[in-house]
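Residue numbers (my numbering), protein chains in the order written: chain A, 896 to 1215; chain B, 35 to 394; chain C, 43 to 390.
Any given hint could turn out to be false.
Said to hold, decoys possible - With a Cα cut of at most 35 Å, we get these calculated DSBU-like pairs of lysine-lysine:
#, chain 1, residue 1, chain 2, residue 2
1, B, Lys344, A, Lys1093
2, A, Lys1163, B, Lys135
3, B, Lys312, B, Lys352
4, B, Lys135, A, Lys1162
5, A, Lys1162, B, Lys118
6, B, Lys171, B, Lys248
7, C, Lys291, A, Lys930
8, B, Lys237, A, Lys1162
9, B, Lys237, A, Lys910
10, A, Lys922, C, Lys275
11, A, Lys1163, B, Lys237
12, C, Lys291, A, Lys1093
13, A, Lys922, B, Lys194
14, B, Lys51, C, Lys275
15, A, Lys1162, B, Lys176
16, A, Lys922, C, Lys277
17, A, Lys907, C, Lys277
Please keep in mind that the hints were generated in silico from the structure rather than gathered at the bench.
What follows is the residue order along each chain.
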Amino acid sequence: MEQNREALLEVKGLKQYFKISRKFSVKAVDGVSFKIYPGETYGLVGESGSGKSTIGRSVIRLHEITDGEITFKEKDVSGKMDKETQKMLRTKMQMIFQDPMASLNPRKNVMDIIAQGLDIHGEAGSSSERSERVLQILERVGLSREFAGRFPSQFSGGQRQRIGIARALIMNPDLIIADEAISALDVSIQAQIVNLMKEIQEETNVAYLFIAHDLSMVRYISDRIGVLHLGHMIETGTTEEIFSNPVHPYTQSLLSAIPYPNPMIEKKRTALSYDYATSGLDYSEGSLQNVGGTHEVLGTEEEIANWLSENRMEDIVGIK
Amino acid sequence: MTKEKILEVRDLAITFKTSAGSVRAVRGVDLDLFKGETLAIVGESGSGKSVTTKAIMGILSNNGTIESGTILYTYEDKSEKVTKNLLDLSKKQMRKTINGKHIAMIFQDPMTSLDPTMSVGNQIIEGMRTHYNTKKKEAQEKAIELLRLVGITDPEARMKNYPHQLSGGMRQRIVIAIALACDPDVLICDEPTTALDVTIQAKILELIHDIQVKTGISVIYITHDLGVVAKVADYVNVMYAGKIVEKATVNEIFYEPKHPYTWGLLLAMPDLETNPDKLVSIPGNPPNMAHEMEGDPFYPRNPYALHIDKKKEPPLIKVSETHAAATWLLSEKGPEYSLPIELQQRIERMREEDRVYGTE
Amino acid sequence: MDKTLDHPINPIDDFTFIGADNISQIDEVYEEDSFWKQLVKRVMKNKGSIFGFISITLIIFMALIGPMISGYEFDEQVAGHESMAPRIPILENFGIFDGTETLKTSTGELEVNKYEVIEGGEEVYHWFGTDVLGRDLFTRTWEGTRISLYIALVAVVVDVLIGMTYGMVSGYYGGRIDNIMQRSVEVLNGIPNLVVVTLLIIILKPGLMSITLAIAITGWIGMSRVARASMLKLKESEYVLAARTMGAKDLTIMYKEILPNIFSQLLIMSMFSIPNAIFTEAFLAFVGIGIPVPMASLGSLISENFKSLTTHFYMIVPPVVVLALLMLSFNLLADGLRDALDPTMKEV
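Construct the complete structure from the given sequences, taking the supplied hints into account.
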């Protein structure tokens, strides 16, 4: 991967602490850095409590960030922004949400939902122009033009998610954050939506920040991956690097836990165990070290040397 | 070793009255469950999988009616083998004699399955006191044993905890402990790990397997994740639009699937070698069960649809003693066909993997 | 030659692939009635709400046309027509409502029919009778209903507007703003409603506007609570987040995204508030600080005719019945609405 391209999005040392009481804050994100290049898909993987959703929402500035720098299209969007930067952020960066039922306003029709961005930023033009733009996008995401007058409750989950994608797409964004966008859908529909997202990427060169916990899908769709645990980025690299050679024990346990659809093997396998509390590791002590190519792992030099010497590949099936 | 059948469902049909009209959620389902076996029911939205098991437990919502069918359950009542049609029992009788005592159920969301105002220990004891009138001390000891069985460390301390003090994985373990408290013969799990992290899911699946080995209970597993099916199931039923479209042993489902919907489900999961440009997906949407359809409900999404699929719904056609699929492709008059290339390749790969890894 | 069949059955064809034509991108969308139509359907299933709805409609209808068809003015005191019993044209032939009443006197019971006594009495009809000043009760009852309904509706509308805005703003911004707004409301709420209302009327002097205002001032707090609770619930919904990521301003989000979704809650709350308002007005009238004479409201009618309870009890019956029916009907209708909108009703 050429690293001399300009990054579309650069996150440096992002910290997001939520204050619960005077003495106690939840450290949802504790110093995460990554870059996303134009036209690529970056998969952010983690389980509950890892901070992945918080990162997505912080990047799109739904929250104020506690600390760190976020640069989008070479403009600083981490603190107070001027009007122009704010408009750029709100149009060129879009988000698709997890729950297809909740992400669409039940009392608005499809036309108004999709045209929302246009309406807010005054880009709608005349009524017929607005209509036409919406209808075109509707077709682009695989829905019939007649659906523009209907309401969300009349659609299935997959169709609603397409409407959500249309809403984001109509703004011609450079980056779309997909926050668990397929997790709530039926398996057969997930495949459809992922295909749609890939087609759109090919056509418009949009970049995706794909936040998910379903590793098989993430592996399929992402160019590069970041693995999160307890608010820290513990391993990052290309998809190939991570899946063929997971170094950090957490990543290994995560990969081994994926149920593999081959009954003869799966029945004989047990997943690797990993418990942070008893592992003796301290995430705040380590730093991201390069272990080859673009593959980086969080840890002290000692720890990483240890991990590299072990080989637990047989327990993680499906790796070549 | 002859297999002992404990649950037999025949011709089950269930309809719901909703504001959208009459919904025929289950349209004729036959199921068999044998002792010590794990049966997986696979399906997506609208397949009717949850409704079927709710009917077995007798907890259908009030606007549902059982149009037809029998659910024959065989169990030991005072050292005698008894077979009853569960549909003949009233809800009250079900609660008294069957629920919890013989057939237990665990649901998807551990938070809402537990009473937030009762300590965990009391919830486990509750069933035992109600069904068997166990003495409090004895019940408490048994509860601690159960907590240990489900892998909870420091069980004595946990007894006094409340659900909100525990993590999602621990809560689901408690739910399993409660389900096992009365020594049921059958455990029905309705997507028990869908809401959990994948590492915890792996642990819970292993736990249920261990318990099965130890106690010999039979398990019905509802899921949409074929990976989970591969791990836990002995026998698989694939449901679509209220009917079973394929039933087979787990190996047959993965290595010799016969129904185009099953092919679609298998291909919808990306694999190492999957074509990076396009995932083969089943087009269209799950059916709207409020609309009556003529012919095979799957035909609009089926690239292998035949003209007759528009007119007549295919019956389950036998492939072997254990394997049947509801598709006209299997009938004698059916045309020549072959599995989608991607699927053929995948099955090849699976066989290869089995040779390499499976012999360990 | 082959026999030609009427319907050539070709079983072989049936078993051929439909092929590429099959997978047309026909994306089905479920037919569904609009939100309001669904709501109406559900409400209509509830017998209580149908009853409530019908009686409200009838009462409103009568309130509008009643005073016009009786032939009398509401404040017309016809000399000689004092305290006359009800007399209704066709029903009088059946022996009821024929203008007679039984008076209890010191010498025993006495049947009296004033219509036979006054001149031209044959042609005179008072369907609900008259009061002690000779005013036709039918006209006065419906005129009173008009005023009562008017006061209640205006008060509730004002309540919704103020309460809704207050609750939404408080709930949306949260934090300190919410804190300050809610604490102030709690202080206001601590003062008993009837005390506030009574004091206001005494200061502003009884009149249509002042009474409406007084009732509105105490009612908005409940409305703001409902609005705030709904706002808190919906504030973090994903469609609101989506609007924020698009850069929508706060005001736009409150009124365009959230308000349409809480509207039904507000509607139910107002349905419940109307009987409250009617009753408060009636109470004020009863204690003497209600609508000034000669205007009539249901409460003032009950108040004035209360004195004749033991002598000519028919005078108090119409306003009481109408008042009770109104309150019951609004309650029933509101109940039905609330059940119809209940999201916890699971259908499958």
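Going down the list of hints, with the structure as the test:
This hinted pair checks out: Lys344(B) and Lys1093(A) have alpha carbons roughly 33 Å apart, not beyond 35 Å. At most 35 Å may separate the alpha-carbon atoms for a hinted pair to count; Lys1163(A) and Lys135(B) meet this at roughly 32 Å. Only pairs whose Cα atoms come within 35 Å are accepted, and Lys312(B) paired with Lys352(B) is accepted, the gap being roughly 33 Å. Restraint check for Lys135(B) and Lys1162(A): the C-alpha separation of about 29 Å stays at or below 35 Å, so the hint holds.
About 34 Å separates the Cα atoms of Lys1162(A) and Lys118(B), which keeps this hinted pair within 35 Å; it holds. Taking the CA atoms of Lys171(B) and Lys248(B), the gap is about 24 Å. The hint holds against a cut of 35 Å. At most 35 Å may separate the alpha-carbon atoms for a hinted pair to count; Lys291(C) and Lys930(A) meet this at roughly 30 Å. As the CA atoms of Lys237(B) and Lys1162(A) are separated by approximately 13 Å, the hinted pair is consistent with the 35 Å bound.
Restraint check: the Cα-Cα separation between Lys237(B) and Lys910(A) comes to about 31 Å, which is no more than 35 Å; the hinted pair holds. About 25 Å separates the Cα atoms of Lys922(A) and Lys275(C), which keeps this hinted pair within 35 Å; it holds. At roughly 14 Å between alpha-carbon atoms, Lys1163(A) and Lys237(B) fall within 35 Å of each other, so this suggested pair holds. For the suggested pair Lys291(C) and Lys1093(A), the alpha carbons sit about 32 Å apart, so the restraint of at most 35 Å is met.
A threshold of 35 Å between alpha carbons decides the hint, and for Lys922(A) with Lys194(B) the separation of about 29 Å falls inside it, so the pair holds. Between the alpha carbons of Lys51(B) and Lys275(C) the distance comes to roughly 30 Å, so the proposed pair stays at or under 35 Å and holds. The straight-line distance between the Cα atoms of Lys1162(A) and Lys176(B) is roughly 30 Å, inside the 35 Å bound, and the hint therefore holds. Taken as a hint, the Lys922(A) and Lys277(C) pair is honoured in the structure, with Cα atoms around 23 Å apart against an allowance of 35 Å.
Using a Cα cut-off of 35 Å, the hinted pair Lys907(A) and Lys277(C) holds, with the two alpha carbons roughly 30 Å apart.
Comparing the model with each earlier hint shows no violations; every hint is respected.
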